[in-house]
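Got two chains here, separate frames each, mind docking them using the hints?
Those sequence lines, one after another, are chains U and Z.
Quick note on this note's numbering: the first sequence kicks off at 1 and runs consecutively.
Quick note on this note's numbering: the second sequence kicks off at 1 and runs consecutively.
Just so you know, the hints here were simulated from the structure itself, not pulled from any lab data.
Note that this is a predicted model, so its numbers are computed, not measured.
We put the CB at the ideal spot given by N, CA and C, even for glycine.
Wrong hints could be hidden among the right ones.
To be verified - FRET-style restraints, in silico, Cβ to Cβ: (1) Arg-75/Z - Gln-120/U: 24 to 32 angstroms; (2) Gly-7/U - Leu-491/Z: 51 to 59 angstroms; (3) Ser-19/U - Lys-437/Z: 42 to 50 angstroms; (4) Gln-120/U - Gly-249/Z: 54 to 62 angstroms; (5) Ala-257/Z - Phe-67/U: 45 to 53 angstroms; (6) Leu-409/Z - Gln-235/U: 45 to 53 angstroms; (7) Asp-190/U - Tyr-36/Z: 54 to 62 angstroms.
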Amino acid sequence: MKINADGLHFQVLNEKVRSCPDEEIVLDNVLGQRYIGAGLCDKKVTINGVPGNALGAYLNNSRLEVFANAQDATGDTMNAGEIIIHGNCGDALGYGMRNGKIFVEGYAGYRAGIHMKQYQELKPVLVIGGVVGDFLGEYQAGGQIIVLGIGAEDKIPVGSFCGTGMHGGAIYLRTEHCPTDLPAQVCAADATPEDIEEIRADVTEFAKEFGYNAEELLSSHFYKLTPNTANPYRQLYVNN
Amino acid sequence: MSVNYFPAEFEVLRNTDKCIKCRACERQCANEVHFYDADFDKMLTHDDQCVDCQRCVTICPTGALKIHKNPNEFRQNYNYTQQIMTENYRQAGTGAVLLSSMGNPLPYPVYWDKILINASQVTNPSIDPLREPMETKVFLGKKPNKMSFNEDGSVNTKLDPHLELSVPIMFSAMSYGSISKNAHESLARAATELGTYYNTGEGGLHKDFYQYGPNTIVQVASGRFGVFKDYLETGAAIEIKMGQGAKPGIGGHLPGAKIREDVSKTRMIPMGTDAISPAPHHDIYSIEDLRQLIYSLKEATEYKKPIIVKIAAVHNVAAIASGIARSGADIIAIDGFRGGTGAAPTRIRDNVGIPIELALASVDQRLRDEGIRNNVSVVVAGSIRSASDAVKAIALGADAIYIATPALLAMGCHLCRSCHGGKCNWGIATQRPDLVKRLNPDVAYKRLVNLVHAWDHEIKEMMGGMGINSIEALRGNRLMLRGIGLTDRELKILGIAHAGE
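Bound-form chain Z, shown alone (with noise of 0.2 angstroms):
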């Protein structure tokens, strides 16, 4: 065996007083990183495959097994530290790309959590949520700009098409293919039940789940899987992806070895080929394109739709969303630097893009100052992470948030970050039929339809404290935010006072 120059990343520790050689831990590792050796009749680990997902941990039926970093140190540098000497190593070794998936893990600023709610205090009293109504249902579209009449003189209550959510929460587009079907159909019942939407991601739409159509996003990418008359017409609302917060500016190419029959028959392509969105739409290259594109999608489904367009929070996002209002779209989705992925080039994922609290302050104050904000709802991506993230995002003018992350977590996800191996031992993004049976979709809807009541009822007690009853009155209202600890350039952008002004 070749010397590969870096040592694990983890080390299993087993508690040899409490194992009972039962040799679950050895069935649940997809990685291999459990073994029985008969000789000494003891579990033995590959510590160098295991990628720390704690299912091994979890399902220890005596306790008897950790996972910690392994200790185990390169001398110290803070200019060379230990994961871009490792990093390094990988690359000398291969000549390849580094890949990885989820979230920028990077200790960035997180603004959120620089960003304190206001409560009501004497004056203005707070309401209590468990006994006075509390709307949280939103409306995503174009809202008309002034009352107009028909030439009988009564009101003109055509509006164009929106979307009802019951909560300001939607789960965000993940593709058939990077996630399993169980955790599809998990998300699809979830929206169902709490009158919201899921989002399909680009890989078009199993015929198990056209029954759910009415709870649905679908989405079309640059590589259009999937897309056809009865995808565009089952969905609830149609978005189109131009780009996501963890790989702004490149496309994405699903492995071949991930194109097993179903997801083949899905995306409507032959099995063990690559699945490959390019980069960019070769058909967009300017807001008039987009508008093409939107305007073609309105055609084919009759104006009966909204169209949504996706786009990665990028340094001039508020130029380019000022565009997309302009283009015919009724919604824009912005996706944050720090959003998820299933499988994204490291150096694109850790380096590329821009806060999302920054990126959605500015477009939403450039909208305003262009007299344009009513032309489309914004909902943001990439990280909102708690109800108070939300609260937070409603406030610095979003109508709605997109989640992807916490309802992983609330299938079971432990962020091991290794979604693009393919080998989820929690059975959500796989496509091997013994691990995505792990993941029971009777459980996980109702832990999915759990989170997203428990963030709203408590986004309902942040507003309440607030002596706010309407999500409306929320939104934009950036008088109920202070920073903590952010410069004037920092507050100037979010928009907001400093904490004790």
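Pulled out of the complex, with its shape left as it was, chain U reads as follows (with noise of 0.2 angstroms):
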């Protein structure tokens, strides 16, 4: 089914997708609708045009595709599904995300990754494209954040504070240049042939989405981060 969401306010838009029979939907002349999505479980939605912040927000088992950038806290405590970018996002990209898969053709803004995390079979990756801003993967607890800094391979492909309070997962950023002020609770270390494989189908998948080579991008060097304590406040306390 098509939409067009052309001047509909969110609240009309969102009844519509909710209502909506079909499991695949395409919505038509999005411009800044928030909230698209949110909760959504099984359905097919392709979005045309610029959707609005929080999109995606707690989604369950939904593939959401935007043909357009992205703004602020997309895939905000995503639960399952796909959200496909065919383009740039904003801020707050996966906050506190726990299964599922982002993957952002373009850059990202600040504060991507934060509070991610995983659980058992549950274990949510973010796949971004180019570079990312500051703050990527605060608190991360869980789950894979992948920045290819395609394009910009002469450089550190993310900003300041790089996985500060970081106590689960793995970052691995494709670069020679590993960044210069990792708090001390991350180790950052050369990626190794094993952890390329724990890699590899993600960027698979984001290569054939976005139609890049993927061993090209494998073949590359990757700086894997990495927590040094599951318990970093254990020390900080004594009872009184």
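Written as structure tokens, this is what we have:
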């Protein structure tokens, strides 16, 4: 089913999406409507135009594909599904996400992947094709963040404060240039062939979505950032 | 053993004439204070491990035990008290931040105790709640400011979603993790029987408790633990936790040791890793951002549930509440600086925030002045200790109150303030299976129901005394209050006259 979003208020548009019986939905002329796909289950939504903030918040096993840039808080607390962005993405991408995958073709803003977590078979994946702003993976508790830095091979692909408070999961950076201001609780190491196997499926899927050569990307040098403890606050307190 | 520079805080006194060496105290104490010495055929104690939880005293079959404050005193000093000196020794020994639990115990003014309630005499006669109907039912949520009509001329009866409370008392947020599963079950069952609500806290909702969903408020905090569609849809309302009275401005860390299998499942995080709630929501830096989270939750639950925003009472609480009332929230919960906690840095708990009485009075007045009081209901927490505190809170402008410490007391808590240690001998603030099973939900839930019924009756009695038969008529009725021993400034903030005026 096609829905013309031109001039529709987000409440009206989102109600149309929720009540649509079809599994596949195409939204045309989207312009800044917020909360598209919030908590949505078992749908495939194609979004033509720029969606507003909180796209796919609490997403529950749907696929959202955006043929434009996306804005802030995309995939907030996402639980399952896929968000594909054929463009760039704003701040606070994938906040607290627990499962599912987000692929951004271009760059992402500040505070991406904050407090991503994982649990048993639930393991979120965030792949950013370009570079990303400050605070990537702050408080990261699980999951996989992959920054490919395509077109920015000559510089550090992340901003400042990457991985502050990180206590789980991993961040992979496709670069020769390791961030120089990593906090004490984050270890950076050259990715091993086993590490590359860990991300092969996700990078391959990214490459397929956006028309890159996966092998070429995977043959580059990657840094892998991991936390050095799951209990960063253990020594901080004394009973009083 | 290295010298730690300070003596045990408590001393266990055992009446050896009464003690029958049954060793019940030894079995009951998770802090391993009591032990039996076979050589001397004597029960002995490690006083330094005692937290004064009173479990052994209560359980001793012969009443042989007493615990008192260690009478040993450092040289008297009103500035450097023994407490301050001991804290400095602790920190010098460890280099660590002091961690405490439950509410601020310091002797700050308690305004509830400086406010008196009115009663009718001669004119406007009092009402006997045993004989006349008294209404303590409360609806929480947005109230329309005026009637509106549909196109066909009929009255628009569509209201925003509400919570319906049989009593103006709810159980405030305590997460599974900070308290035990049996404690959660007791709260859930009591809320269901009472026709009110309990609150999951930020630790997610255990599968066994989805059945109590209609009486459950589910919380969304910065860590987003256990938050997903089923969880949001199960609750009767969703509370966004922005702050907590015991620790305004900081987040929470549930230590990995407390994340055992069941807690891990409920929070949806791996066992043994710290559960860290960052201090701010990193996607909220303004009222507009808060609005975005509120509406994303409303969208995800199809506008069927009221959204509560909980904040700590801080200096500019009135301005913050004004913003929240315009953000789309249905209910504001304000938590005062004496509110409890499962763990908070001592310095934060004891020094940050303001009393709920002053915060409530200024928020209610600000919302009225701005004509937006009906946009939201106001729920207050942070040390409502009794039915009279509740009546005073409602007369100061609250729609309902949240209680947690009195609920813990009902379940057996003795306020030893050691929740963060995870060795609660009463089976409340612990995840150790041998301790958790000490709390019987069949008994504890009934005690919670008793407590709230008793308070409800007292509230009705006090209302009746004032000649008021509905809680609606008490709400914001500050003429029913008088201050005692308060300054002009304090009276002005509270919006009440002094006794005798």
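These are the hints, each one checked on the structure:
1. Arg-75/Z - Gln-120/U: 24 to 32 angstroms: With Cβ atoms ~57 angstroms apart, the hint is violated.
2. Gly-7/U - Leu-491/Z: 51 to 59 angstroms: 54 angstroms, holds
3. Ser-19/U - Lys-437/Z: 42 to 50 angstroms: 48 angstroms, holds
4. Gln-120/U - Gly-249/Z: 54 to 62 angstroms: 33 angstroms, violated
5. Ala-257/Z - Phe-67/U: 45 to 53 angstroms: Check passed, 48 angstroms falls within 45 to 53 angstroms.
6. Leu-409/Z - Gln-235/U: 45 to 53 angstroms: About 33 angstroms separates the Cβ atoms of Leu-409/Z and Gln-235/U, which means 45 to 53 angstroms is violated.
7. Asp-190/U - Tyr-36/Z: 54 to 62 angstroms: Given range 54 to 62 angstroms: holds, Cβ gap about 58 angstroms.
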